[in-house]
Amino acid sequence: MPWAMLTLSVLQGVFFLWFVPASEHVLHNISDSIWSYSAPKTLQIWRLFGYALIHAEVQHLLCNVSVEIALGVYLERSFGRFHTVLIFGLGAVTGAIVVGVFNNNDILIGASAGVCALLAAQASRQIWFISNYYITLCAVWWITVFLLTVLMSFSVQ
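Using mature numbering (1 follows the signal peptide of the UniProt record, and there is no 0), the letters of the sequence shown map in sequence onto residues -22 to -1, 1 to 135.
Each hint should be verified, as a subset may be incorrect.
[Stated by the list, open to error] Just the calculated beta-carbon pair ranges, DEER-fashion:
#, residue 1, residue 2, range
1, -20, 79, 32 to 42 Å
2, 47, 105, 15 to 25 Å
3, 124, 82, 13 to 23 Å
No lab work stands behind these hints, which were simulated from the structure alone.
Cβ coordinates follow ideal geometry from the N, Cα and C atoms, glycine included.
Generate the whole structure from the sequences, applying the supplied hints.
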């Protein structure tokens, strides 16, 4: 049973219920959260991954968790628990670094970067099956960086 991605999704739901007032369903004071990431707080290392555990709204949480479960469970069965969590974690850390380098005024929350990494891993897996070429870890990394860069360029306001 693929427990890692299910556990990660449940953990995100618990964090949402813990930090978001039940009557409002919206996280206020995002910048005050000990989990949100922003470039000036880079020395607080837990924020590089911790921001992926909190979400601003219930829709944000549901979208990320549904893709995590759909793709994560499948990838966990294919790649194994460790590699799937590693892909998600590297995607989250890469997203924080990209935002920190290119737009250091933003505050980052949500698992979207990790979800994009899972999407990139699934895309590389499909390309491998279609073309019968071996995609190296380096190729998966650059696909993830490219997708995160495109995602961040759309989120800049």
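Distance restraint hint 13 to 23 Å, applied to the beta-carbon atoms of residue 124 and residue 82: This hint holds: roughly 21 Å between Cβ atoms.
Satisfaction of the hinted span 32 to 42 Å by the C-beta atoms belonging to residue -20 and residue 79: Holds, at about 34 Å.
Distance restraint hint 15 to 25 Å, applied to the beta-carbon atoms of residue 47 and residue 105: 23 Å Cβ-Cβ, so the 15 to 25 Å window holds.
Taken one by one, the earlier hints all hold for this structure without exception.
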